[in-house]
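Trainee: Chains as they are written, first to last, in the numbering used here: chain A, 1 to 152; chain R, 1001 to 1675; chain E, 2001 to 2321; chain U, 3001 to 3193.
Treat each hint with caution, since some may be false.
What the hints assert, rightly or not - Taking lysine-lysine pairs in the DSBU-like style, the calculated list, with each CA pair at most 30 Å apart, reads: (1) K3162/U <-> K2292/E; (2) K2150/E <-> K3162/U; (3) K1117/R <-> K130/A; (4) K1193/R <-> K1228/R; (5) K1241/R <-> K1541/R; (6) K2273/E <-> K3162/U; (7) K2074/E <-> K2292/E; (8) K2099/E <-> K130/A; (9) K3185/U <-> K2074/E; (10) K2099/E <-> K32/A.
To be verified - Calculated from the model, a selection of chain R residues having no Cβ within reach of chain A, i.e. all distances over 10 Å: (11) S1079; (12) H1081; (13) Y1303.
These aren't lab readings, by the way, just hints derived from the structure by calculation. On a predicted model such as this, the values are computed, not experimentally measured, just so you know. Just so you know, even glycine gets a beta-carbon here, dropped at the ideal spot from N, CA and C.
Spelled out from the first residue to the last, the chains are:
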Amino acid sequence: MSESAFEPVIIGFTCNWCSYRAADLAGTSRIKYPPNVRLIRVMCSGRIDPTFVLKALADGADGVMIAGCHPGECHYLEQNYKALRRHRLLQRTLAQFGIEPERVRLTWASAAEGARFAEEVGAMVDEVKKLGPLNWPTRPVPQSEAAAEVAP
Amino acid sequence: MADNTQQERVGVYVCHCGSNIAGVVDVQSVARFAAEDLKGRGVVVARDYTFMCSVTGQELIEQDIREQGLTRVVVAACSPHLHEGTFRGACGRAGLNPYLAEMASIREHVAWVHTDKAVATAKAKAIVNGAVERVLRNEPLEAIRVPIEAGTLVVGGGIAGLQTALEIAEAGYPVHLVEREPSIGGHMAQFDKTFPTLDCAACILTPKMAAAGSHPHIQLHTWSEVEKVEGYVGNYTVTVKKKPRYVLEDVCTGCGICIEKCPVLVVDEAHDAGIGYRKAIYTPFAQAVPNIPVLDPDTCTYYVGGKGGCRACEKFCPTEPNSIVFDQQEERITLRVGNIVLATGWDLFDARRIHQYGYGRLANVFTNLELERMCNAAGPTGGKVVLRDGQTAPARVGIVHCVGSRDRNYNNWCSSICCMQSVKLAHLVKERTGAEVFNFYIDMRTPAKDYDEFYQRVLDEGVHFIRGKVAEVSDVPRGPDEQGPLFVQVEDTLAGLQRRIPVDMVVLSAGLEPRRDSKAVGKTFGIACSTNGWFIEKHAKLDPIATMTEGVFVAGCAQGPKDIPASVAQGAAAAARVLSYIRQGELALEPVRASVNEAQCSGCRLCNGLCPFNAISFIEERRVTEINAALCQGCGTCVAACPAGAISGSGFSNEQLLAQIEGLLLDVARVPEPA
Amino acid sequence: MKALFYPGCAMQRNARAYLDSLLAIRADIDLELEEVADWNCCGATEYMSVHRVPAHALIGRNLALAQRQAADTKLLTAGCSACYLNLAKTDTQMREDRKLEVTVNEALAAGDLHYDAGSLQVRHLLDVVCHDIGYAAVKEKVVKPLYGLKVAAYYGCQVVRPDYDDRWDSHEHPTAMDRLLAALGAEPVDWALKTQCCGGHMTVIGPDVAYGLIRRLVHGAAEAGADLVATLCPMCQLNLDAYQVEMNRHFHADYHLPVLYFTQLMGLAFGHKPADLGIGKEFVDAAPALAKIQVEAPPEAKAKRKRRHRPEDGLPMPRME
Amino acid sequence: MSTVSTPDAQQDRGGFLARVMAATPGDNRLNMCIQCGSCGGSCPSGPEMEHTPRRLFALIRAGESETVLRSNTPWFCVSCYYCTVRCPQNIHITDVMYTLKSMAIRAGLYRDPSPAGFSETFVDYVEKYGRSFELGLATRFNLRHHPLSLAGMAPLGLGMLKRGRMELTPHRIDGMDQLGAILDKAKELEAAA
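Next comes chain A alone, as it looks inside the complex (with noise of 0.2 Å):
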């Protein structure tokens, strides 16, 4: 597959009070951006779960994108660091599965920034259309293994 026919699907996971009101207001206002990411609401950043990542790159996805209020807004007070800690863990163990670290992008954006939002899916579609398609293991991941390195 040439690069530029490669069309990548990106899962999004969303806060319910930044990031996915943030895809709101990028809708509000009209901003394109491309259609590639797949956006999943959780109420915080804080409660992905490892397992929800490798689940979505092994049934599909090319990349995954966590999207959280910005450090010290966070409307659960600190919870956001906790993905951000768990995004460090999870790009290491994917690094080891021999999966580009790339692929799960950690980005922040408040309700009020639509524009960055867009923004930010548009690079991570460029950054994933560079790697090309993941190649997920012929032997899969165990997810549950994968995953208990990084919890919590």
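Since chain A is already given, all that's left is putting chains R, E and U on it; use the hints.
Mentor: Just chains R, E and U, lined up with the frame of chain A:
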């Protein structure tokens, strides 16, 4: 994944939203996809309709639930933040548990952000598929009900907190008003006139203070601070620290003899903004409520002078027993309340930080607050506007807007009141001294009722307005011809010239800042601050009063800079919210909560430190963790962290989310290779 | 302590007194200086105006040479404001701008050189003396305190601004040199113009502007009661000293305010002979001012200015602590 | 006042801001200017400038490239950085001035040749010797641009010589070939950018 979803009957409704969705997404195709391709997943009805949120649209769903026996509903339309409540309501009316409905956002997340019709339609289908898979795992939920204690804690006795306290008390419910300073009144008590009507601040504030002080339903706790907050909405236990006044509150008559006799004079950094004096035993101002003095042990000779000090206050106190108690200790009291309103106010930007404006170095550079005190008839100069020498009236005055505000080197926000305050101060200076007044502004912001009219009036009074952010204030002439004594150096941006305006006095309109301890206070009450330090409201537009913690509300400048009318409005609104909770007697909470399956909990305690709301506790006897449903706010961090999978989050369970992921990716699913 | 040293063109000749005095005092403050071998001009404020990338490459060569020599210290110090700022600027901008880092290194490769942005700490000499060596260590070496000498500490522009690495307490009213002077026994005067511009290259391309600025500075320092001005930059010294004469002629004025380098004052306090410190090379003779040293008994430790507490004195000033 | 309103012209003109920003290193934030004038107010040579820096930024936005590059404003910049540290929007104003100077030289648009001439004379010496050379710089610059002032400046020059503060011959660094190669390459890279 065990599939017990076979027996469900799902209805899928695809909204056109006029042409908003239908213009980009082929809605018929999406409905057809649901009806045909998802038949095997339990979809028994799939319809598209112009406006699902209309009464007819909702009736369509209700009718199908009744007639087709739907057990699950998916509405593909706008963002759930807009109409989730609407469609849950429709389900509820038709007898279906409201939490068995899901929304698929194909307007904000598809139609409005993409242009290619085919791609958008494909994405909409994936989202609908995800929602169907998710809704199949939804469980019927019941709102959590908690009883509401009738008492309310109001923190902060400024104008916003006073308003809240009075409204609630007037409705007949008890209020505890906690104030850190010796008197209620807040910053407003320092001001002279208020814009744009030029009402005397004291004339409109002191009646409210007096009313709060004597109201049978309001208990004042001045010179006190909240130390600890435990519990949850409806049922808070609050520990208040009462600092020692060294004066018996219930004996003192407020006669003021002790103040008169006290020989120690100190600069009053608080109420008089550092340009007036008070005694070592003092009330901050004449109309203080309560009218009971406070003794300041840092300056009283009894404490600092050694040898027992002068004890004049004690000697002259006429009460029996004597009101002065030199060894009074701080006290702690415990309050039980159902709701909390935080109206903790603001601090003034420290103008000394901007060295080029010379505040603290150049005698005749003042802050807006200093000038407010000077203009106040009860202030240190008796209402006269004078230079630092205390006598000379200035002939030329420069008023600098945006000091510390709208400036990335200091605070990046607009303090919102300074334009109007500066215009008001210009008027007062001109009125009292006849001086020539120059206002230096970046942009004039006068957007509320009668504000611009006031600006026009002051323009007409002959105040000069120069557009430019002041570069520096200097007392050094450029050459022998320049006559100061002070120079305001600025680019007059409308003339395109650098100008140096000679003045006698400079007034810096220092901006509003969050209280220096707002982050710590936020932590005490379990609410979040923005990185700037202002408390974060639940929703910037639709709920600027509640916070993310149920039962904790914000009012006034604690939530962001605002003027007096806005503070009063927000204070009253907070009262209305609290009263509505009290009147309901009990409260229904969103049932998005975490809970522990004790059988699965290994007692590892990994989750114990994760909860910012202290909802998680460890039960030693059973060696398991327990989550208090009323304290839990539903963020789900513990759910994600539990290595045993023993914690589940209602509304956002692992099963729901994993199914949604799978559903979203159905069209690109990897074919698993045999191991 | 050890530092790599970039003297810069001016120190070689016009500001020879700065170099001489620095060399004279380095042993007193235990500062070992290793000159960057075969360094080239930093471009002052001129090169950047003509060619941006070559200007960074020009500075880059110095950084690359210094990095090569940086075996036992990462500290690179310069005495001239413009030299310091240029070195710091190229280092900072290469750090912040990946594209620039690549381009500059591509150019440096033509001379077989390479510089890893951020690998050196670029500091002005005053910064090293005040913050690394410290006031206490300086004070310890004082044998002839400069009692009685009132000095206006003059920082000029480019050391305290833009201050890429947050080295100073203020961009407008810094106090580091004032505290150094106090450690030497001199009395720093409080004056408002300590970071105003000396005129820079305007003395050459627009003398009228420059003379105005110079007069304001000289007048301000004299008004504040200074016997002399202490400076930290060859350009500032040249403009305030040599051009003070031209300025007097231009305005028919008669100012005589000597301008010395802070290192010269350190040398005097450490007991070195004036001639060894390059004193005498200045246009405005410093001898009359220096004659005041120790003429009067050492002043009592100046009582902290107390806040006025009496209403009859007028309104209290803001608290400044 | 001339008015340009065709969309094409506006578009092309809008590009000028982008060009200036692209030629200025780092996050220079020029697009964030709120026209407050703290730069123009702070500038020690502000009174001498045809346009204050603030006005120049408005002209850049308006795409008035010729007016901007002909302006004496950047040449009067003394690199004091007051504007930069005081700018409420943290715009790297001094760096932008450097950009405008080099753009003006490339476009041959500066009107008063004297400041640019000084910079170019300076650069010539550096490129020939690797060091600056005050005597040569002053005389060559003044000969070319202010021949009459040379006599007036003689006492200063003599004073410098007398005090041993000026060299009669320039110093040449050893690695002149190396420096030459580096600068040539840098110029080539700049031209290509």
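Trainee: All hints are to be evaluated individually against the structure, with a verdict given for each.
Mentor: Tested hints:
Of the supplied pair hints, the one linking K3162/U and K2292/E holds, its CA atoms being roughly 27 Å apart against a limit of 30 Å. Between K2150/E and K3162/U the CA atoms are separated by roughly 29 Å; this keeps the pair inside 30 Å, and the hint holds. At most 30 Å may separate the alpha-carbon atoms for a hinted pair to count; K1117/R and K130/A meet this at roughly 25 Å. Distance hint between K1193/R and K1228/R is unfulfilled; the C-alpha atoms sit about 37 Å from each other, more than 30 Å.
Restraint check: the Cα-Cα separation between K1241/R and K1541/R comes to about 35 Å, which exceeds 30 Å; the hinted pair is violated. With a CA separation close to 21 Å, the supplied pair K2273/E and K3162/U stays within the 30 Å bound. Only pairs whose Cα atoms come within 30 Å are accepted, and K2074/E paired with K2292/E is rejected, the gap being roughly 41 Å. Restraint check for K2099/E and K130/A: the C-alpha separation of about 20 Å stays at or below 30 Å, so the hint holds.
At roughly 28 Å between alpha-carbon atoms, K3185/U and K2074/E fall within 30 Å of each other, so this suggested pair holds. The hinted pair formed by K2099/E and K32/A meets the criterion: a straight-line CA distance of about 28 Å does not exceed 30 Å. The Cβ of S1079/R sits about 5 Å from the closest Cβ of chain A, inside the 10 Å cut-off, so the non-interface label is violated. Non-interface status of H1081/R relative to chain A is broken: a Cβ of that chain comes within 10 Å, the nearest being about 6 Å off.
For Y1303/R, the non-interface assignment is confirmed: its Cβ lies about 40 Å from the closest Cβ of chain A, beyond the 10 Å cut-off.
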